[in-house]
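Work out the full structure, taking the sequences as your base and the hints as a guide.
Chain by chain, the residues run as shown.
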Amino acid sequence: MTDKKVKIGPFETICYTGARALEDKTIVFAGTGLPMLACLFAQRTWAPDMNIIFEAGSLGVQMWMGLPLSVGDTRASTRACIIKGLCFAFESQQRGYSDFGFIGGAEIDKYGNINSTCFGEYEKPKVRFPGSGGAGAMAANSDRIIAIMALEKRRFRDKVYFITSLGFGDGSPDYRWTAGVHGRGPYRVVTDVALFGYDVGNTNRMMLLEYHPDLSVEAIQERCELELLISPDVKPMPLPSEEDLNLMITQVDPEAYFLGKTVA
Amino acid sequence: MDLEKRYAEVGVPLGKKADEDKLPYVHVVEGQVPYTSKHRAPGVEVTDPGDAIHSGIYGISEVVHKERPYTWWGPNPDEARALKVKENKFLYDKRTTLSDAVKKFIRPGINIGVAGFVNTRNPFAICWQIVKEALCNKTVQATNLTLSYQSQSLDVEWLLGAQMLDSSRVEVKRVELSWQAFEVIGSGPIWTHMVQAGLIEVDDYTNYGASARFKAGAMGIPFMPVRDHGGSDMERVNRGVMLKCPFTGRNIYVLPACHPDVAIAHVTAADMYGNCRIFGFLNTCPEIVGASTASIVTCEDLISTDEIRRYPNLTEIPFPAVSAVVPQKFGGYPGAVWGNYWFDMDHFREWRAAGLELRLKGNIDPLKKYYDDNFYSCDTFDDFLAKRGYKKLAELKRLDMGQAVII
Numbered sequence: 001m002t003d004k005k006v007k008i009g010p011f012e013t014i015c016y017t018g019a020r021a022l023e024d025k026t027i028v029f030a031g032t033g034l035p036m037l038a039c040l041f042a043q044r045t046w047a048p049d050m051n052i053i054f055e056a057g058s059l060g061v062q063m064w065m066g067l068p069l070s071v072g073d074t075r076a077s078t079r080a081c082i083i084k085g086l087c088f089a090f091e092s093q094q095r096g097y098s099d100f101g102f103i104g105g106a107e108i109d110k111y112g113n114i115n116s117t118c119f120g121e122y123e124k125p126k127v128r129f130p131g132s133g134g135a136g137a138m139a140a141n142s143d144r145i146i147a148i149m150a151l152e153k154r155r156f157r158d159k160v161y162f163i164t165s166l167g168f169g170d171g172s173p174d175y176r177w178t179a180g181v182h183g184r185g186p187y188r189v190v191t192d193v194a195l196f197g198y199d200v201g202n203t204n205r206m207m208l209l210e211y212h213p214d215l216s217v218e219a220i221q222e223r224c225e226l227e228l229l230i231s232p233d234v235k236p237m238p239l240p241s242e243e244d245l246n247l248m249i250t251q252v253d254p255e256a257y258f259l260g261k262t263v264a
Numbered sequence: 265m266d267l268e269k270r271y272a273e274v275g276v277p278l279g280k281k282a283d284e285d286k287l288p289y290v291h292v293v294e295g296q297v298p299y300t301s302k303h304r305a306p307g308v309e310v311t312d313p314g315d316a317i318h319s320g321i322y323g324i325s326e327v328v329h330k331e332r333p334y335t336w337w338g339p340n341p342d343e344a345r346a347l348k349v350k351e352n353k354f355l356y357d358k359r360t361t362l363s364d365a366v367k368k369f370i371r372p373g374i375n376i377g378v379a380g381f382v383n384t385r386n387p388f389a390i391c392w393q394i395v396k397e398a399l400c401n402k403t404v405q406a407t408n409l410t411l412s413y414q415s416q417s418l419d420v421e422w423l424l425g426a427q428m429l430d431s432s433r434v435e436v437k438r439v440e441l442s443w444q445a446f447e448v449i450g451s452g453p454i455w456t457h458m459v460q461a462g463l464i465e466v467d468d469y470t471n472y473g474a475s476a477r478f479k480a481g482a483m484g485i486p487f488m489p490v491r492d493h494g495g496s497d498m499e500r501v502n503r504g505v506m507l508k509c510p511f512t513g514r515n516i517y518v519l520p521a522c523h524p525d526v527a528i529a530h531v532t533a534a535d536m537y538g539n540c541r542i543f544g545f546l547n548t549c550p551e552i553v554g555a556s557t558a559s560i561v562t563c564e565d566l567i568s569t570d571e572i573r574r575y576p577n578l579t580e581i582p583f584p585a586v587s588a589v590v591p592q593k594f595g596g597y598p599g600a601v602w603g604n605y606w607f608d609m610d611h612f613r614e615w616r617a618a619g620l621e622l623r624l625k626g627n628i629d630p631l632k633k634y635y636d637d638n639f640y641s642c643d644t645f646d647d648f649l650a651k652r653g654y655k656k657l658a659e660l661k662r663l664d665m666g667q668a669v670i671i
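Residue numbers (the numbering used here), protein chains in the order written: chain A, 1 to 264; chain B, 265 to 671.
Source of the hints: derived by calculation from the structure; they are not laboratory data.
Treat the hints with care, as some may be off.
To be verified - Simulated pairs of lysine-lysine, DSS-like, Cα-Cα distance not exceeding 27 Å:
1. B/K633 / B/K655
2. B/K633 / B/K437
3. A/K124 / B/K437
4. B/K632 / B/K402
5. B/K633 / B/K367
6. A/K126 / B/K330
7. A/K124 / B/K632
8. B/K402 / B/K367
9. A/K153 / A/K235
10. B/K661 / B/K593
11. B/K348 / A/K84
12. A/K84 / A/K25
13. B/K633 / B/K656
14. B/K632 / B/K437
15. B/K661 / A/K84
16. B/K593 / A/K84
17. B/K625 / A/K261
18. A/K124 / B/K330
19. B/K368 / B/K353
20. B/K437 / A/K126
21. A/K124 / B/K625
22. B/K651 / B/K367
23. A/K159 / B/K330
24. B/K367 / B/K632
25. A/K126 / B/K625
26. B/K368 / B/K593
27. B/K651 / B/K633
28. A/K159 / A/K124
Everything numeric in this text was worked out from a predicted model, so none of it was measured.
Now the structure itself:
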């Protein structure tokens with residue numbers, strides 16, 4: 001163990017809260033970056049029997065080389081039970097292997113629809129992002145979707161510019177069925193200062209479940225353009241302990257690609 | 265068996281396709297197929313697609329886009345099949361050099377299928393040679409290109425950067441893709457710049473969608489039904505369409521097959537006939553090469569056909585799919601190749617810094633310097649590797665930590 005101390009910054013909270021959203025003995029289809037961070041931490045703590053699919057084609061990876069820096073990284077395939085290609089990975093989630101899809105994005109709306117494509121006109125966008133990657137397919141066909149991003153007003157919007165990863169669509173109960181996708185849809189949104197769920201089966205709108213103990217319910221709403229539902233059981237979110245932080249910096253992200261950084 | 269003698273008997277020169285000069289050349293504009301669906305009226309913004317089958321996506325987001333007429337960006341499935349039927353199918357020596365392969369296969373107007381994924385087993389050596397021949401040596405014209413892939417990073421950016429320097433030599437007009445960036449390092453600066461400036465026509469899919477399109481191509485079928493895209497704005501903007509499943513009655517999204525004119529791929533090992541082994545992620549390499557009408561494959565190691573025949577289950581790409589084989593050590597550098605080396609993050613960062621100077625400040629000088637250092641002043645890809653130096657390459661080999669391969 002090291003003496004190196006990490007203070008509880010946004011990425012430490014995201015890592016911890018993201019991991020808490022996961023369950024042991026399940027299969028998670030994990031995207032690049034923050035989802036990997038949270039999955040690795042979950043595996044090293046309360047979800048040792050949780051397995052991961054990476055979209056380049058691996059299942060059951062043991063990430064002994066450290067945090068992968070991309071989903072196609074050699075580190076995302078070491079000691080896997082099977083390595084094939086992208087078709088294998090995505091077809092197994094179409095088939096129903098993946099309990100959770102774990103994705104990021106630039107913007108999210110009140111029904112959990114996520115944009116990772118562009119702002120402005122599609123043909124000549126004001127801002128162009130890298131594109132769907134695996135996220136669109138994960139949002140469609142993993143059983144439940146966990147989104148992970150920093151909480152900023154410009155990201156939590158009433159309507160997004162472009163829907164790359166489908167949430168509940170227009171919120172109507174049969175939207176996803178008509179869209180021809182498999183998964184049940186949005187489940188959690190993990191951020192640095194709040195954890196959201198959804199009013200599933202009713203309005204399908206985003207709902208505040210937990211807020212950072214330094215903030216209040218009102219302060220969280222203040223940071224969102226979209227109008228939140230508030231869970232009747234809303235409570236302050238637990239923060240990682242000293243031991244958790246040590247584990248993060250020694251075993252999850254020792255090269256500090258995320259930990260210790262601030263939200264841009 | 266004396267293969268050369270046998271080839272002479274059947275009258276086919278070694279390493280040459282029989283009908284090479286007669287192959288019909290498919291151009292993107294000539295390949296157009298008129299499409300009659302109501303929500304594909306070209307050039308207009310469709311807010312209500314009428315009675316076309318769709319998910320109800322219209323109006324949920326703020327997206328603004330123009331409908332495009334349907335075109336095949338490369339050979340259509342029937343043309344691709346006809347081209348493959350015409351090819352020689354026997355085992356002939358396909359070894360060549362990077363330079364000869366690029367000069368033979370790269371022409372204006374083609375669709376290049378780029379294998380590899382993000383920073384893993386990308387065809388870097390081939391992309392390097394395309395830039396070298398087109399931009400520096402001016403031996404080929406790599407203009408009016410379509411690029412097709414799922415997710416790519418620096419290899420594609422090399423081509424786009426060359427376009428920034430001289431668009432009369434290298435010019436990418438269309439990209440059908442899922443994703444373009446550098447993962448934790450950040451966005452792809454040149455691609456972002458070109459899309460935001462409206463210089464490239466893009467067609468967006470998910471990583472599975474892009475892969476499934478190549479898979480359909482490799483399977484010899486015109487489309488692939490998939491359970492994604494539907495309900496998202498990709499349903500509106502890309503070239504797939506929603507159908508009603510004839511068996512379940514439920515909506516299902518279908519994507520057109522993608523047949524690149526030329527696939528470029530880097531594999532772990534291959535024999536001289538093009539039988540390829542891949543270790544680590546397969547990515548979509550077998551499908552992309554399988555869907556293409558011609559392909560250039562570089563390999564870390566050239567292995568004997570005896571070895572291929574000993575473990576035929578390990579062959580991921582069979583010889584009829586491959587047109588040219590180039591043994592090239594570190595052919596996937598600066599990307600990673602499982603069992604050989606990890607990726608060179610410093611080099612990715614160096615490129616991104618040069619690209620961002622252009623995108624954010626309009627300063628092209630760092631990009632010019634990058635091409636001077638890494639292309640103009642190197643005669644071959646090996647010279648480019650030599651510039652990175654033994655120590656760097658040895659370090660990357662160590663970082664791979666000796667993943668298992670069977671060659």
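Now for the hints, and whether the structure bears them out:
For the proposed pair B/K633 and B/K655, the alpha carbon gap of about 23 Å is at most 27 Å, so the pair holds. A hinted pair counts as satisfied when its Cα atoms are at most 27 Å apart, and B/K633 with B/K437 qualifies at roughly 25 Å. Proposed proximity of A/K124 and B/K437 is supported: the alpha carbons are some 14 Å apart, at most 27 Å. Taking the CA atoms of B/K632 and B/K402, the gap is near 17 Å; set against the 27 Å cutoff, the hint holds.
At roughly 25 Å between alpha-carbon atoms, B/K633 and B/K367 fall within 27 Å of each other, so this suggested pair holds. Pair hint A/K126 plus B/K330 holds up; C-alpha atoms about 16 Å apart against a cutoff of 27 Å. Of the pairs offered as hints, the one joining A/K124 and B/K632 holds, with about 26 Å between alpha carbons and a cut-off of 27 Å not exceeded. Distance hint between B/K402 and B/K367 is fulfilled; the C-alpha atoms sit about 10 Å from each other, no more than 27 Å.
Restraint check: the Cα-Cα separation between A/K153 and A/K235 comes to about 21 Å, which is no more than 27 Å; the hinted pair holds. With a C-alpha separation of about 12 Å, the suggested pairing of B/K661 with B/K593 holds against the 27 Å cut-off. Between B/K348 and A/K84, the direct Cα distance comes to roughly 26 Å. Compliance with the 27 Å bound is thereby established for this hinted pair. For the hint pairing A/K84 with A/K25, the CA-to-CA distance comes to about 22 Å; that is within 27 Å, so the pair holds.
With a CA separation close to 21 Å, the supplied pair B/K633 and B/K656 stays within the 27 Å bound. A C-alpha spacing of about 21 Å is found between B/K632 and B/K437, which places the hinted pair at or below 27 Å, so the restraint holds. Our distance criterion of 27 Å between C-alpha atoms is met by B/K661 and A/K84, whose separation comes to about 23 Å. Distance restraint check for B/K593 and A/K84: the Cα-Cα separation of roughly 23 Å lies within the 27 Å cut-off, and the hinted pair is therefore satisfied.
Proposed proximity of B/K625 and A/K261 is supported: the alpha carbons are some 26 Å apart, at most 27 Å. About 11 Å separates the Cα atoms of A/K124 and B/K330, which keeps this hinted pair within 27 Å; it holds. Of the supplied pair hints, the one linking B/K368 and B/K353 holds, its CA atoms being roughly 19 Å apart against a limit of 27 Å. A threshold of 27 Å between alpha carbons decides the hint, and for B/K437 with A/K126 the separation of about 19 Å falls inside it, so the pair holds.
Of the pairs offered as hints, the one joining A/K124 and B/K625 holds, with about 20 Å between alpha carbons and a cut-off of 27 Å not exceeded. Restraint check: the Cα-Cα separation between B/K651 and B/K367 comes to about 24 Å, which is no more than 27 Å; the hinted pair holds. Between A/K159 and B/K330, the direct Cα distance comes to roughly 20 Å. Compliance with the 27 Å bound is thereby established for this hinted pair. A threshold of 27 Å between alpha carbons decides the hint, and for B/K367 with B/K632 the separation of about 24 Å falls inside it, so the pair holds.
With a CA separation close to 16 Å, the supplied pair A/K126 and B/K625 stays within the 27 Å bound. Of the supplied pair hints, the one linking B/K368 and B/K593 holds, its CA atoms being roughly 21 Å apart against a limit of 27 Å. At most 27 Å may separate the alpha-carbon atoms for a hinted pair to count; B/K651 and B/K633 meet this at roughly 14 Å. For the hint pairing A/K159 with A/K124, the CA-to-CA distance comes to about 20 Å; that is within 27 Å, so the pair holds.
Hint violations for this structure: none, all hints satisfied.
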